[in-house]
Every structure is written in structure tokens, then in C-alpha cells.
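**Q** Sequence:
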Amino acid sequence: MIRAHIIVEGRVQGVGYRANTSRYANQHDLKGWVRNLRDGKVEILVEGDPEMIDKLIQWCHRGPTSAHVSRVLVDKTDAIGEFKGFMVKSTP
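All residue numbers for the sequence shown refer to our numbering, where the first residue is 11 and numbers rise by one.
Hints may contain errors.
[Unchecked claim] Across the chosen pairs, the derived CB separations fall in these ranges: (1) Asp88 with Arg21: 27 to 35 Å; (2) Lys94 with Ala29: 17 to 25 Å; (3) Ser76 with Asp49: 30 to 38 Å; (4) Glu61 with Gly24: 16 to 24 Å; (5) Pro102 with Glu61: 25 to 33 Å; (6) Met11 with Gln68: 14 to 22 Å; (7) Val98 with Arg21: 16 to 24 Å; (8) Met11 with Arg48: 29 to 37 Å; (9) Lys94 with Arg21: 13 to 21 Å; (10) Asp88 with Gly50: 14 to 22 Å; (11) Gly91 with Gly24: 29 to 37 Å; (12) Met11 with His78: 30 to 38 Å.
Keep in mind the hints are simulated off the structure, nothing from the lab.
All residues carry an ideal CB built from backbone N, CA and C; glycine is no exception.
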């Protein structure tokens, strides 16, 4: 199990990015959360199987059809088992 902190840049707010990320994560048994940031980016903190997280990262580069992703930043560490499910969080 690993943990990934992901920042997605581009036209990623107001296009269903969070809802689609949550759906993808739940379908692939990933745990954590996704939220919009005030600077227009989307932040994801996720734990799970390394292969499934790599697939999520690949998906993040595309996102939903109405998104335009310009950059995806990823920082991976060991999972700590912090999450029970995957949720959409409010903007901080």
C-alpha cells in the first residue's frame, strides 16, 4: 500500500473533476479524498494498491472530458491507513 499526494493544474474546477475522481477511486478501492483549492487546482490525497494509484494518476492527466489538465504533480510515500473510504472534501 502506498499514499499519493496529487495536485492537478489546468481547467479542472467546474468540470466535474472531483466527482469523477471520487467515482474512479471508489470503483478501484482507493481511500482518501479530493478537493478544490482556492488557486484553481484540485488536490487529491489517496492510499491504496500501487498499481491502482498509478492508474488513477494516469487518469488524472486526462480527467473528465470537459477538463483540460496542464500539469499533474505527484508525491508518493508509504500508506498510513488513515482513511476508511474516499470522499469529496470542501475547499479549504
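**Q** So, for every hint listed, does it hold in this structure?
**A** Taking the hints in turn, this is what the structure says about them:
1. Asp88 with Arg21: 27 to 35 Å: holds, 33 Å
2. Lys94 with Ala29: 17 to 25 Å: holds, 20 Å
3. Ser76 with Asp49: 30 to 38 Å: violated, 20 Å
4. Glu61 with Gly24: 16 to 24 Å: violated, 31 Å
5. Pro102 with Glu61: 25 to 33 Å: holds, 30 Å
6. Met11 with Gln68: 14 to 22 Å: holds, 19 Å
7. Val98 with Arg21: 16 to 24 Å: holds, 18 Å
8. Met11 with Arg48: 29 to 37 Å: For Met11 and Arg48 the Cβ distance comes to about 30 Å; the hint holds.
9. Lys94 with Arg21: 13 to 21 Å: With Cβ atoms ~31 Å apart, the hint is violated.
10. Asp88 with Gly50: 14 to 22 Å: violated, 30 Å
11. Gly91 with Gly24: 29 to 37 Å: holds, 33 Å
12. Met11 with His78: 30 to 38 Å: Given range 30 to 38 Å: holds, Cβ gap about 32 Å.
Hint compliance for this structure: hints 3, 4, 9, 10 are not met, and every other hint is.
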